[in-house]
Amino acid sequence: MLGKLIARRLALALLTIVLATVLVFVALQALPGNLATQILGKDATPDAVAQLTAQLHLDRPGWLRYLTWLGGAVHGDFGTSLATGDCVVSMAGDYLRNTAVLAGITIVVGITLAVILGVVAGLTRDRLPDVLISGVALIAMSVPEFTLATLLVLVFAVKLAWFPAVVTDGPDASLRTILHNVPLPAAALSIVMAAYIVRMMRTSVIDVMASEYVAMATLRGLPRRRVLLHHALPNALLPALNVIAINIAWLVGGVVVVEAVFNYPGIGTLMLDAVHNRDVPVLQYIAVIGALVYVVSNLLADLAATALNPRLRTPARAS
Amino acid sequence: MDATPSNAHEPAPSVGPESIPSSIPAFSQRVSRGISRRTMLFGGAGLAVAPWILAACGSSSSAASSTSSSSSSTVGGATTSATGSTAVTTGAAGTTKSGGTLRIARPPASTVETLDPASSLSAYEYLGALYNRLVKQDASGTVAPDLAASWSVSTDQMTWTFVLREGVAFHNGKAFTSADAVYTLQHILDAKTKSPQAGVLSPFLDSSGITAKDAKTLVVKLKSPNAEFVSLLMNYNCYVIPVGSAATIGASGIGTGPFSLVSFKAAGKGTVKANPNYFGGAPKVDSIEFTAIADVQARVNALLAQQVDLVAQTNLDYATAKTVTASSTATTATVKNAAWYVMPMLYSAKPFTDLKVRQAFKMAYDPQEVIDLSIHGLGTIANNNPVPPTDPNYLDYSVPHDPDKAKSLLASAGFSGSQQLYTSSYEPVMSILAQAYQSSVKGSGLDISIQTASADSYYTDVWIKKPFCVSYWYTGRPVDQLLNQIFRTGSSYNESLWADSSFDAILDSARKEADAAKRKQYYQDAQKILVDSSASIVPFFADRIIGLSKKVVNYKEFGFEFDYVNIGFGA
Numbered sequence: 000m001l002g003k004l005i006a007r008r009l010a011l012a013l014l015t016i017v018l019a020t021v022l023v024f025v026a027l028q029a030l031p032g033n034l035a036t037q038i039l040g041k042d043a044t045p046d047a048v049a050q051l052t053a054q055l056h057l058d059r060p061g062w063l064r065y066l067t068w069l070g071g072a073v074h075g076d077f078g079t080s081l082a083t084g085d086c087v088v089s090m091a092g093d094y095l096r097n098t099a100v101l102a103g104i105t106i107v108v109g110i111t112l113a114v115i116l117g118v119v120a121g122l123t124r125d126r127l128p129d130v131l132i133s134g135v136a137l138i139a140m141s142v143p144e145f146t147l148a149t150l151l152v153l154v155f156a157v158k159l160a161w162f163p164a165v166v167t168d169g170p171d172a173s174l175r176t177i178l179h180n181v182p183l184p185a186a187a188l189s190i191v192m193a194a195y196i197v198r199m200m201r202t203s204v205i206d207v208m209a210s211e212y213v214a215m216a217t218l219r220g221l222p223r224r225r226v227l228l229h230h231a232l233p234n235a236l237l238p239a240l241n242v243i244a245i246n247i248a249w250l251v252g253g254v255v256v257v258e259a260v261f262n263y264p265g266i267g268t269l270m271l272d273a274v275h276n277r278d279v280p281v282l283q284y285i286a287v288i289g290a291l292v293y294v295v296s297n298l299l300a301d302l303a304a305t306a307l308n309p310r311l312r313t314p315a316r317a318s
Numbered sequence: 000m001d002a003t004p005s006n007a008h009e010p011a012p013s014v015g016p017e018s019i020p021s022s023i024p025a026f027s028q029r030v031s032r033g034i035s036r037r038t039m040l041f042g043g044a045g046l047a048v049a050p051w052i053l054a055a056c057g058s059s060s061s062a063a064s065s066t067s068s069s070s071s072s073t074v075g076g077a078t079t080s081a082t083g084s085t086a087v088t089t090g091a092a093g094t095t096k097s098g099g100t101l102r103i104a105r106p107p108a109s110t111v112e113t114l115d116p117a118s119s120l121s122a123y124e125y126l127g128a129l130y131n132r133l134v135k136q137d138a139s140g141t142v143a144p145d146l147a148a149s150w151s152v153s154t155d156q157m158t159w160t161f162v163l164r165e166g167v168a169f170h171n172g173k174a175f176t177s178a179d180a181v182y183t184l185q186h187i188l189d190a191k192t193k194s195p196q197a198g199v200l201s202p203f204l205d206s207s208g209i210t211a212k213d214a215k216t217l218v219v220k221l222k223s224p225n226a227e228f229v230s231l232l233m234n235y236n237c238y239v240i241p242v243g244s245a246a247t248i249g250a251s252g253i254g255t256g257p258f259s260l261v262s263f264k265a266a267g268k269g270t271v272k273a274n275p276n277y278f279g280g281a282p283k284v285d286s287i288e289f290t291a292i293a294d295v296q297a298r299v300n301a302l303l304a305q306q307v308d309l310v311a312q313t314n315l316d317y318a319t320a321k322t323v324t325a326s327s328t329a330t331t332a333t334v335k336n337a338a339w340y341v342m343p344m345l346y347s348a349k350p351f352t353d354l355k356v357r358q359a360f361k362m363a364y365d366p367q368e369v370i371d372l373s374i375h376g377l378g379t380i381a382n383n384n385p386v387p388p389t390d391p392n393y394l395d396y397s398v399p400h401d402p403d404k405a406k407s408l409l410a411s412a413g414f415s416g417s418q419q420l421y422t423s424s425y426e427p428v429m430s431i432l433a434q435a436y437q438s439s440v441k442g443s444g445l446d447i448s449i450q451t452a453s454a455d456s457y458y459t460d461v462w463i464k465k466p467f468c469v470s471y472w473y474t475g476r477p478v479d480q481l482l483n484q485i486f487r488t489g490s491s492y493n494e495s496l497w498a499d500s501s502f503d504a505i506l507d508s509a510r511k512e513a514d515a516a517k518r519k520q521y522y523q524d525a526q527k528i529l530v531d532s533s534a535s536i537v538p539f540f541a542d543r544i545i546g547l548s549k550k551v552v553n554y555k556e557f558g559f560e561f562d563y564v565n566i567g568f569g570a
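In order, the protein sequences belong to chains S and R. By numbering that gives the first Met the number 0, the letter at position 216 of the first sequence is numbered 215, and the numbering carries on one by one without gaps. By numbering that gives the first Met the number 0, the letter at position 127 of the second sequence is numbered 126, and the numbering carries on one by one without gaps.
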């Protein structure tokens, strides 16, 4: 039964990814101009544009170009960048690594922080720690990530000079340089991301702590620690899981904005440039990765939910 | 697709920082992010520290008010650069100590930017450090020798002879000769190079007309007379590269300039080191480190956090400039009249087919009010003349603001007074200007409704398509190029589609005229026609405010010129 569920989810995931690439492709067709007009500029003669358009195969019908791309993509061939002529996969490699470092740190720090703070807030409902945590979370939720990023730069890079304000190296920066630069962007993303999860976690902990089975466990004389870790937390995490998954997916968009503020050479930077250049293969590759992150994080959240929820985990028993 | 911008100002971060190019369509192309940026030429003016910083020095009013009162027709040189040097001394000039690494933040032209100067995607800030042109612009806006020691033109204005500088070597040791000069010009004209400057030169120049008479003499035979040809070689696409280097120059960067290339990565980091044998004298700093930062706010943050010493090609908005001057480590400097703003009235569309309506629209607004509202007065009133007051050919002529006359002109033209004006968030001043104009013309019976179009397609769907819109250009092109490219009948950049055969004839006469004084008269006649009857409202020139570290001295920038030799750190 679980196997069937996973297979169904995987098929849906695949469909989601393909639909995402179709949408990106169609959206790009709707934008005015193409790479040929980009390269040649306004002074270009119509002849020159037509010639370059043909050279780039941009004169073929959209559906044919999409199917050609899809044919390559299923074999792992994502084509070459229209702007640079480099293989898309290797070109995006460095950018992806940098974003993976940033996102990875953000997810680990953000989620850990959010879960701990959420639980503390839930357990101290309406008392000082809760008021503080909830208040700060509310503010963090309301502030857009680029504003927060700018504030962090002003305080920690300009005033205190603890961290660099921007990354001065390109995508091929050494891992050391990237790690040196990652604290501020990761902090900006973690804070915004954590804020949502904290609120969710808090509500959920309050609900669970008020539930009959927790009261029952407490009344049975179980130590508070055991009540919390074994009975309350797994159930409190359940509703938060989907919020976490959605936030990881949000990260895909959030990095675009935050990377720009920090001049961070990640996938967001690459994407902005590719949009500007109408560089379809690069954008399609990024779309596939974005969709992949989205469906995988949702899939993992569902699996984790199954693992945490005894009712979903165990086949129905005759009662 | 759209235009390209450079970064004069950038869109609000909420849009997603650089997704929309932020700058100004330059002349040559409004195409890719890089292009327009590079295309920017700012006018040949000096620098002045931003007026509000100067308040303490008591000269602020002179800087700001020179706008409306710049009366002399030969402005430029003297006045402006005098102001400039005073200001620089106040802000950031002094004795340079030798050595050090200057760190410059720059907006990348594109992910595929190149060091080929002729390309539309060249990494602009490197060019002046690595290369020289045959001629450069001096502070008064006139043509000065660089790799060409002298030049002369035949009486028919068709054959130009350049005597080249002796004893100049490229960074790889090879001597510079006329073969390199010939090759450079042919490279620009080569269709494969796709150089924006080819469009400017090709109407009167073929590759076959470029020859080397001997090792030190370059001869250029034009197809049609052009007395201003030499001024077109000041363009930043015209930097000289070694013969046969077309395929490699984009990465090698071998030139004759004050710095030689150590490393370069497109849209990344790069370093150039001082060329001790530079014919113009060894540079003050040991090396320059260029960092590409796409987002304008990130560039400013890098300056404030002292990660860079200078933010190149970036116009700070008023609020940001105040933040920078308030910091303990950074300050600002101003490049006067760096861009001009324009509202083209489509000559082919109603109501602008009628001269009376065009004149009414120009007379209807109060120039002082519009410049104050749009850019806090940090610029110069243009009086509908796109030639900057610093240009040696400038004509000081204006038709005064006159709401009553505007009303009667509109009435006699039978025009209702309602008109849509298009703008976009492509560049921040554009929309403010639209609102300033809207409010300023109310008293003249004009009812302007503002239509905000998408920034991404503004230069494909609105510009030269809608009857009335807002746009802008970088200042600094030689007057011949400016007038021929944007106002001549049928030119691809003629954004108002205006057509006036007497205007075109004057430009042709100027190109044929050997006498510089008579030529200047022609250009001034042409400017008078523009002010009186063109289809372009040109309210003002706007200054560019750049940010730099307080440690940097002798920063000097105007036109296409950036002084890489003398810039350094204070002792």
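There may be inaccurate statements among the hints.
Below, simulated DSS-like cross-link-like pairs (lysine-lysine); rule was C-alpha separation at most 30 Å, straight line [what the hints assert, rightly or not]: (1) 549(R) to 158(S); (2) 158(S) to 349(R); (3) 550(R) to 222(R); (4) 549(R) to 321(R); (5) 135(R) to 268(R); (6) 527(R) to 406(R); (7) 549(R) to 519(R); (8) 404(R) to 527(R); (9) 158(S) to 135(R); (10) 404(R) to 158(S); (11) 158(S) to 550(R).
It is worth saying that the hints were derived from the structure and are not from the lab.
Broken hints, numbered, in rising order?
The structure breaks hints 2, 3, 7, 9 and 10; every other hint is satisfied.
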